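Peer 1: Here is how the chains run, residue by residue.
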Amino acid sequence: MNTDGQLYTIEGVAASVLVLTTVYLVLSTTTVLTPGETHIYDMQLEQLGNDVLAVMDLNETWGAGSHKYPKSPLENYIESIGSGGEDQFKNHFLFLANQTTDGSDNLKFTSTITYRKLTGEIGTINFAQTNDYNRERAVKVTRWVNIDNSLGGISDLDARPQTVLLEVLLWRG
Amino acid sequence: MARLNDDGQWIILMAFIISIGIFFIAILLNQSVLVGQTTAEAVLEFPKADIQDLRNEVWVIFIRNESNIDEIIEDIKGISLSRKAAVVDIESNTTGPWKIHYNNGITRYSEEIQYVSDPYPYYYFHY
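Quick note, the sequences are listed as chains A and B, same order. Just so it is clear: in the first sequence, position 38 is 38 by the working numbering, and no numbers are missing. Just so it is clear: in the second sequence, position 77 is 77 by the working numbering, and no numbers are missing.
Same shape as in the complex, but just chain A (with noise of 0.2 Å):
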């Protein structure tokens, strides 16, 4: 048996161990960046939707009416739960989070409303929604909103004047 060679077989073997790793490292580094990525996007998004949201919660009239505070597009479509008021909720939101300086976005949403009632109950209704939501990467932007149910206009609530929660799941489509 030939004998000769030996170093220059441990070398080859040790630089091929060498290349092999780095090339591991590498790729492997490369790959750690999509995750980096969707955060930043995820960021942004959940800006934009609270954003549209606390657009939507203020008021367009500034009149002295009978309330002493007028009521904003979102306290509205709330209060008008079951008579058209996701819909109004759905376009105007829609309008406001789909605005980009070329064309229009693309965006889904689904969202749920949380109540309290006296007795210490919460309890959660569906709101409007696009699509339903099926494990997309989604974000997940809420608001307070100051409603008055004094009539009992929606049956699930309490009638009295009180505060629930919106929360608007959302996600590029």
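Worth flagging that the hints you see were computed from the coordinates, not collected in a lab. Treat the numbers as computed from the prediction; the structure is a model and nothing was measured. Keep in mind that the hints are not guaranteed to be accurate.
[What the hints assert, rightly or not] Only pairs whose alpha carbons sit at most 30 Å apart, straight line, appear in this in silico BS3-like list of lysine-lysine:
hint : chain 1 : residue 1 : chain 2 : residue 2
1    : B       : K48       : B       : K77
2    : A       : K71       : B       : K77
3    : B       : K99       : A       : K71
4    : B       : K84       : A       : K117
5    : A       : K140      : A       : K71
6    : A       : K140      : B       : K77
7    : B       : K77       : A       : K117
8    : A       : K140      : B       : K99
For this one, chain A is given, so just place chain B on it according to the hints.
Peer 2: The following block gives chain B in isolation, referenced to the frame of chain A:
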């Protein structure tokens, strides 16, 4: 055993330097990605919007001045605990300052605020 051939030592030295260089660049790339991720996560984790929203809602409750302010405050406290995992406390006050406390286990926020009771001049300004 054959005598070791010592030609081409410069080539081997350069190869070592380059491979070590690639190794360090890979570490740098790895860390820069982590920085971007942790920054975005820190922004997502900090409840900026929650606190702004809560402050605005307390102001609306003050302005509307409904007869059942205590019930409305209990709404916020109960819903906040069950849906947002945040402890909220609001102390209303007819003439003096209101107090707002917020704690979600990571971020704690407290403030004492004196509201202006009659916003009407501003209404006419915007009318």
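Peer 1: Can you give the numbers of the hints that this structure goes against, from lowest to highest?
Peer 2: Violated: none.
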